[in-house]
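**Student:** Given the coordinates of chain A, work out where chain B should sit on it, guided by the hints.
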Amino acid sequence: MALAMSAASGVNAHYHLVVFNIGRTVAALDSAQLRDFMDGLDPINALAEQAPGFVWRYVAEGTNNATAARPMDDDIIVNFGVWDSREHLWDFVYRSRHLDFLRRRRDWFQHLDEPFLVLWWVPADHIPSTDEAVAKLEHLRRNGPSAEAFSFREPFDPPSGSPTASSAAALEA
Amino acid sequence: MQDLEAIALLQDSARRSLYEYVIAAGHEVSRNEAAAAVGLQRTLAAFHLDRLAGAGLLEVAYRRLSSRSGPGAGRPAKLYRRAAIERAVAVPPREYAQAANVLAAAIERAGAEAVLYDAAREEGIALGRAIARPGDGGAISELARQLTERGYEPYTDGATVRLRNCPFHSVAQQFPVVACGMNLALLDGMLAGAELAEGHEARLQPRPGECCVALISKTNTD
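Protein sequences, first through last, are from chains A and B.
Each residue of the first sequence is one higher than the one before, starting from 1 at the first, in our numbering.
Each residue of the second sequence is one higher than the one before, starting from 1001 at the first, in our numbering.
Hints in this document: simulated from the structure, not taken from any laboratory.
All the given hints hold, so there is nothing to weed out.
Ranges of calculated distance between the beta carbons of each label pair, as one might list FRET restraints: (1) E148(A) <-> G1074(B): 51 to 59 Å; (2) A1014(B) <-> D125(A): 54 to 62 Å; (3) R97(A) <-> H1027(B): 23 to 31 Å.
Using N, Cα and C, we set each Cβ at its ideal position, and we do this for glycine too.
Chain A with its partners taken away, still in its complex shape (with noise of 0.2 Å):
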């Protein structure tokens, strides 16, 4: 039963999902127009902490969310987060109250005309680093869709079986 259940809800024991989006926001993280996605960061993260699937989420240092991150530009933050399957983090993202923050996005941020969002498989006791991160997103706008770097829309299943030290070695590559 465990097995059929675990089945249904796409988890994995070897592999978890990794989910890292930028956005390039309109207006400083301190303006009027940003007010309310910034007021919505703890109750949303802590929404996130509180659903199945939750494995992890990337903050800087020294603060309770990721916004103070700047990777790629001066003007795009990023979320960053590791989930148990792509079932959970969907729920997450599109069946919560998460949904309408997200419906909101374009009083924050600016449309992006390339893919702004990329999803890849880890082993499961591995925590990416943000570098990795952006190779992903990288990989993912230059080739599009793959098992390496992927999309919600096109999503890839993870390996089978556990990960192997070459699997692993690539990862690092």
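**Tutor:** Here is chain B on its own, set in the frame of chain A:
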């Protein structure tokens, strides 16, 4: 052809009553419950329910209804619920779902969600006006009736109206923000057009397996 054959099964009035009862129930339905609800003999109801399941219109689950277990607990009951799969027949052939996906992709690529939401709200207002009575506005029950006709399968949860079915399900799976935002604006417009916006507001409150929009009562704090 599978879709046509499945839908043709609903031509039989007993089968259609059973199907409509199961999809509106909001829980898995036993043969006894379904038979009693539509006034059919149990074996006949079971026959029709299995035909509907065989055609993929309903799904089957087995569960013990009593809390007893072990010898003497009896066999698990056969329960029915609406199938997740969509069936559609259009004559002559139409591919609106595909068109909707392409349009949604274009809106997302252009970042034109705000324009879409405005257009959806205007459409909703026009639909809602048909419900509004001169002077005192419409009634939420009349709006719920309209939503039933449009396939939302509304039900009341306290003073809140929730929607069991998403009429835009396939595009909402592909483009959730675009489709759910459009749906929210459409229903918000319907409330405004029906002059019901003082009592209820449309809000995104996604729940698994349901439409993402709920019409929340402004007077009751639930």
